[in-house]
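Participant: Using the sequences plus the hints, can you model the full thing?
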Amino acid sequence: MRWRAVVAVELKPGVLDPQGEAVREALRRMGHDHVSDVRVGKRIQLLLEAAEEGEARARVRDICESLLVNPVLERYAFDIEPEGER
Amino acid sequence: MRWRAVVAVELKPGVLDPQGEAVREALRRMGHDHVSDVRVGKRIQLLLEAAEEGEARARVRDICESLLVNPVLERYAFDIEPEGER
Amino acid sequence: MRLGVVIFPGSNCDRDALAAAEIAGYEAVPLWHGESAVEGVDAIILPGGFSYGDALRAGALAATAPVMAGVRRFAARGGAVLGICNGFQILCEAGLLPGALTRNRDLAFHCHDVALTVVTARTPWTRALAPGERLVLPVAHGEGRYVVPPEELDRLEAQDQIVFRYEDNFNGSCGAVAGVCNRAGNVVGMMPHPERRVEAVLGGEAGLGVFRSLRLAAAGVTRP
Amino acid sequence: MSLSASPEARWTSVGLTEEEYREIVRRLGREPNDVELGLFGVMWSEHCSYKSSRKLLKILPSAGERVRLGPGENAGVLDIGGGWAVALRIESHNHPSAVEPYQGAATGVGGIVRDILSTGARPVALLDALSFGLPDSPRDRALLRGIVEGIGGYGNCLGVPTVGGETVFHSGYDGQPLVNVMCVGLVRLERLVRGRAEGEGNVLMLVGARTGRDGIHGASLLASRGLSEGGEDKRPAVQVGDPFIGKRLIEACAELVEAGWVAGLTDLGAAGLTSAAAEAAGRAGRGVVLELDRVPLREDGMTPYEIMLSESQERMLIIATPEGAGRVEAACRRWGLEAAAVGRVTGDGYLRVRWRGREVAAVPVRDLTEAAPAYERPWRAPAPVTPEPGRGVAAGPSRGGAAAPSHGGAPRPADPSEAFLDFLSSVHVASRAPVYRRYDHEVQTNTVLRPGHDAAVIRVRGTRKGLALATDGAGRWGGLDPYYAGAIAVAEAARNVSCVGAEPIGLTDCLNFGNPEDPHVMWQFRRALEGIRDACLALGIPVTGGNVSFYNETDGRQIPPTPVVGMVGLIEDIERLVPSSPRCPGALWLLGGGAVSQEGSLWQMWREGRVHGQCPPLDLSLEAAVQALVREAAGHGWIRAAHDVSDGGLLVAAAEMALSPEIPWGLRLQLPEAGDAWTAAYGEGGARVLVVPAGPEAERALMRRAEERAVPCREVGRLTEDGRVIVKSGRDAWVDVAAERAARAWKEGWAWLL
Ligand SMILES: Nc1ncnc2c1ncn2[C@@H]1O[C@H](COP(=O)(O)OP(=O)(O)O)[C@@H](O)[C@H]1O
Ligand SMILES: [Mg+2]
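Residue numbers (the working numbering), protein chains in the order written: chain S, 1 to 86; chain Z, 87 to 172; chain C, 173 to 396; chain A, 397 to 1150.
All the pointers check out, no bait thrown in.
Calculated lysine-lysine pairs in the BS3-like style (CA-CA distance at most 30 angstroms, straight line):
#1 S:K42 / S:K12
#2 Z:K98 / S:K12
#3 A:K1143 / A:K1124
#4 Z:K98 / S:K42
Calculated from the structure, these hints are not laboratory results.
Facilitator: Here's what the structure looks like:
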């Protein structure tokens, strides 16, 4: 069965986000001064095969920890659903 | 009132995603051959002030279209919720 | 002639462009990103570098800087504008040039010489060059892959908007495009760095033609 | 960080020993409070205090006619004439890079650039000396990629060209890579500033990024212990670099220095505000008061302890007159940088910290800086004692080696041509272009000789002068004989610079070693320093400063002792510089000589996966004579190319000259009649340079001068246009391959790794 996983990777709280800072400053300059904080992270979408949801989750977790996420700086969360539902 | 918006930016279908390709290749090399497709996008989190949800949504849409998203390459969607709910 | 070089925070080829313009015989003046009035110059260069740290997408933040309003007006009046590397990215992000520039196909930064073919001499920045001419210039970028939808690429070709092509399409650009212009031809963007090749001691003068073109264009010279 | 009440936890929590803690109590005449203890902890750390090395470093010669600022300042400064001075410094970022390769390397670049800024100079070049484990594990490959990307990611954005460096592979760095970054800057002599808090009442302005919780006890503690201890608790300490702010700091500082509004300038590196303020005050013999409520913070609820110890990147401390402070602020604001007046210079010699209306720390500046402890750590030579090289213990050319590996290593390769191609394409020898083409090496449009030559050359705009820059490390020799390693690092870096026609005028060194509490490591350190000293004296080059990185150990595995040298050479007329490969073919001459052996060579490393045996004999007077001869030949235009013979030996050096042009030359090389061909081709040792004379007259002149200087000199082959590489041993063609094939092997050997 095919699953679609969407992984959200973000910088850990307290880790400097130079991109987010630069974007926030630019927004302020553009007049969007109601924006107080910007953090830029990654959104990774995977299509994978797995017999059932538990297996799919385990695989995605493994992929996150072995490749997608740098645990020194980042943390992650993911959603999973059978492919085709969206 | 303070709102947290999470903007998901992804490459349009048809736009080459070398990063996604590289991740898929790396996964395959690591033995995760159940992964058939990977797309790498951005996840941008904003904290902003707005009197009510409609205004917050309008502001986020404006920010996306004037800065966060390049329509030649990307498309986007966002969620919004009152800050502090998560 | 007076050439203005825009300095954005994070521009890092601004001084190089100013120096190259002087070597090519122009008066060169800096233009500050925060000033929306762009006056007293005959042409504008948006230089290379990492404006605003290339946050989000290269050129995205600079495209919203106040000076771009002035650049837009200048371009609309037919003024000659050249974006080099980051400058090209900014012009695309600002919508002054078609398409977009994104990460190189191999995801790596490339700093080396590349061979280009000149495609059109109709722009004020290529008037001194001949279509079909081969030019070797350095590149130094990580986000130089030019992207346009296929039908748009056809249109650009039909309208003579392709300015340079790579001989070896190392970064995976659509149509091997290394430089494009707007419909009118007065706004040009290119990824390679002509300002790095204007002195023999630095490896040759292959980039001088780009700068010299401006004078020919101003004098109304067109190549046969 | 919570400092618990148990007395032992007090000192261990800040990385101090019980004796050190007692010493603090003795000096203060009371128990330090938590903030004060934190100040002592970082300032007395190995990283900040150089407590294991300070006394020993004094043996390095640091005086010279050109030296304007020497050791002890943020960077060394050399007068290059015409009113210009060059600032130079090298620094390690080994520990952070092992933990987080991209950010570790990136912040290494940022950090060294700000050291150069501190002299008022504009950074004009970067070099990166990298040492990696053998890239056969995914972990070591990831470190390689992350580090190279981090150097490029930061340096490219900054707009400072990365013009050189080195890339070394050795199993001793498995899991513990070395990242040594050198920065060079240019400053008008009259604009030189110093990292001193002069002038009572002057204002301390903190400029640049906001202060967050990054790297509390990061560089200082991380680099003062091994990698295996701790683990997870050190992880939140990783700093993230922001080159966009770094770039704006360069511009803002340049403007301020040019306008003369800066009385003193210093960067915030390890130990952040604490060390910047204390060192600036210490150098001037002053005191400072810091008002922590004025420090712009990135995070809520930071304590004085955290603010003082934060290692947030991209911050500088400007000492301005009270009238100048407003101008500093305005100039910074123009570049979108915050500038806050966070303190002032006092006359009482104390570092005082105020927060919320209270004084939360008061410590004599001297106790944090020059009066910090300095140890003479015990040292012990390994048994059996290695005979001192250079004192007549020659490793004969036929000893060891492929024919009769002394430690039962790899058998002799079957086919010399195939072996040649394999060696050329190995990570040890293949072209470094896969690394340096990821670095912008031309920005600022001053790079006259790009990476790929013995040294890079950048011009000094507005003059005819050029600076030749090179780094050389010697970890491969370090494990065999640290004395030799120290000396050869200096000699080869100077040789690199001489080969392009420049006179070496000063160097900065980065000493990468294991745990200094291990007496054997301490012995290695002393011997390496002696080697550096002797080579500097023999070649007449002052050491203007440097950096020591100890505790490069993982689970008791020490890195090979690795002295790295960053050399600056001066060339008076850039038209006279000499590339490593000629524009047209010609005869190939070998200048110099000396005994050559496979022991310790790159060839041995490649064949056997490790080096062993003895270092070749060292002849520093021949070294000096060869280098002087090459420079003279360059100055007179007698040579069209010069390349030093080092890593990989004679054949590799000749092959690099032939194969590096876009369309490779062919090569003829005649190996000496006597001895083993493998040793003659790939053996290392001696002081040797290959040159291409500019014609018959130049050959005669070169020959004559070589005789006068007692430098051996003979023709050993030619670069040709016939597309073949043919190496003869005696009358036989020993290696015979197409130049095209050899060039491909060398150019593409390891591109896949990156
Ligand atoms: N990490 C690096 N960054 C930039 N340039 C490098 C790097 N590694 C090697 N180089 C360049 O590649 C060339 C060859 O390096 P190397 O083999 O160490 O030279 P040599 O043996 O003459 O000291 C030099 O020009 C050097 O500056
Ligand atoms: Mg070397």
